[in-house]
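Peer 1: Okay, here's what each chain looks like letter by letter:
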Amino acid sequence: MIAKWIGKRVIMGTIVLIVVSFLSFFILHAAPGDPAAAYYGGNLQTLTTAEKERIAQAFGLDKPVLAQYAIWLREAITGNLGYSAKEGRAVSTILLEKLPNTLQLVGITLMILAIISTWFGLLAGMKEGSLLDRGLSIFSIASSAVPSFWLGILLMMIFSVQLGWFPSSGMSDVRGGGGIADRLHHIFLPVAVLVLSHVGIFARFLQDCVKSESKSYYVQVARANGVAEQEIRKNILRNAFIPYVNYVGVTIPSFFGGSIVVESLFGWSGLGQLLVKSVMVKDFPLLMGGVLIIGVVVVVSLFIIDVLMVVINPKLRRGVLRC
Amino acid sequence: MLSIDGLSVSLNGRQLINNVTFTVPKGRITSIIGESGSGKSMTVSAILGLLPVHAQTSGAISLNDKNLVEMSPKDKVELRKMHFFTVFQDAANSFSPSTKMKHQLFIFTGHKQGHSKMEFYQKMRVILQDLDLTDDIMERYPFELSGGMLQRCMLACALYTEPTLLIADEPTSALDMLIQKDFIDLLKKLNDEKGTTILLITHDLDIAASVAHAVVVMKKGEVVETGQVSDVFDKPQHPYTKLLLENHF
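Chains as they are written, first to last, in the working numbering: chain Z, 1 to 323; chain G, 1001 to 1249.
A couple of the hints might just be wrong.
[Said to hold, decoys possible] Taking lysine-lysine and the DSSO-like style, the derived pairs with C-alpha atoms no more than 27 angstroms apart in a straight line are:
no. : chain 1 : residue 1 : chain 2 : residue 2
1   : Z       : K315      : Z       : K215
2   : G       : K1081     : Z       : K234
3   : Z       : K315      : G       : K1102
4   : G       : K1100     : Z       : K234
5   : G       : K1100     : Z       : K315
6   : G       : K1219     : G       : K1026
7   : Z       : K63       : Z       : K52
8   : G       : K1081     : Z       : K211
9   : G       : K1235     : G       : K1181
10  : G       : K1102     : Z       : K211
[What the hints assert, rightly or not] Label pairs and their in silico Cβ distance ranges:
no. : chain 1 : residue 1 : chain 2 : residue 2 : range
11  : Z       : A142      : G       : P1052     : 31 to 37 angstroms
12  : G       : D1182     : Z       : E128      : 38 to 44 angstroms
13  : Z       : A142      : G       : P1073     : 32 to 38 angstroms
14  : G       : S1210     : Z       : I2        : 49 to 55 angstroms
15  : Z       : A142      : G       : S1062     : 52 to 58 angstroms
16  : G       : E1070     : Z       : A142      : 44 to 50 angstroms
17  : Z       : I2        : G       : P1052     : 45 to 51 angstroms
[Stated by the list, open to error] Residues of chain G clear of chain Z, computed beta-carbon distances all greater than 12 angstroms:
no. : residue
18  : G1006
19  : R1028
20  : E1035
21  : G1059
22  : V1126
23  : D1132
24  : D1182
25  : D1206
26  : T1226
27  : G1227
Calculated directly from the structure, the hints in this document are not laboratory data. Since the structure is predicted, the reported quantities are computational estimates derived from the model, not experimental observations. Beta carbons are placed, not taken as given, at the ideal position from N, Cα and C, and that holds for glycine.
Given these sequences and hints, build the entire structure.
Peer 2: Pasting the structure below:
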């Protein structure tokens, strides 16, 4: 039963990846400009039409788009994502260098976000009408209205330029170090931007879940029957966490989107920064590889959230056992 | 045993119940009847000490000579915990959806009385059997049980805690006809065998007629008639009671 459920998820994830790669491939081809431009190096102006055609032929760019996609997909399934047009190295090698940096950034952000938003969301939700309750509502609107690039520049101006507490760019100090402390010192501002952009909304969502759960019929029945307040709260929190975890799950893809801006802003050498650079030079294989790997990470993250949902939601758990 | 004397409740300047007076004798089933909005459930909220924070209350609600209106919030919680048990209308939503029944039954009963889980399981198993419920419901979640089964689970809690007063607020409204009758029979049995005092709130005159000893008729927040079921139903005095009965029987 569980194997069947996992099997369904794997099939759905595979379909999602194929659709994402298909759409990305065609959107990239539909973009203006020569798809072979990245292969010309700095000789764009000097190459003859015949030479350009030869390059296009060598890389299969003269074939119809659908045929090109079929070739790309066939190779991708075998693990071959091609070679970067700009760097000349295997795309998979480049992606594996950058992926841990993005996972580190998003992972630390999610952990801090979960702790802070849970804490504030629960406290504010339990104390309806309190200063914290009203303050959180205002903060969540304000934080969601501020664009992350603007917040990033603001924090950079204050903590890097004015106070000099944190570096404004890079992942490690060029003068040495490179240990955990050095990495944390560099990751602080990028993480702060991602956390501040999301914490208000996350905490507000949990706050609303707690408030709505506190007004549930079963809570009134329990109170009317003198059930211990501690037990009632346990049930409120357990039930409020179900939609909250689901919400966190569906927002995970947006973190990878958000990390593109933050990585570029803070010079964090991750997938986001790589994608931006690839777009600039139209490095098609690298771009497709990047989109695919982010897709895989998102699909795997959503699978983990699905498993977590099954663990915390008995209705889903019973459904999985019955399927 | 429970005596309500001149109880009035107002909220934001609106009179919700006015000068309500009646008694619930020990070991009897007393039914409050009336249409929706007549103040039945508000009276129950007042008895349970669960009125909205800004509600203004006057009069007296006495349980064994203690005035509940003047009790501190802490004492009211203690009263609900040790002396009352209330079965509500919507059994399907009366339990937390993500917690197994064994834990919920425990916090409604044994936990309140300081029993160990072992003591609870032993006592509850016997009660569940009496109510034609099998042991395995303990391992189930509320969404896996029917409304009738959940309502019997509530009754199982009442049987376990043996409250001074069992309040049943429209307990059969959400049940189908056949299960309604079973449930009412169980209430009757509880009263007959254990001598449990029951305050039954219903808009269903058939149910009141079949199970209650005494009846309180409410209209627009006021008590218009009280008396033994046979007296009120055979020889109604108030025009509203007459109208209710004419429209029903």
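Peer 1: Honestly, which of those hints from before does the structure not fit?
Peer 2: As far as the earlier hints go, not one is violated by this structure.
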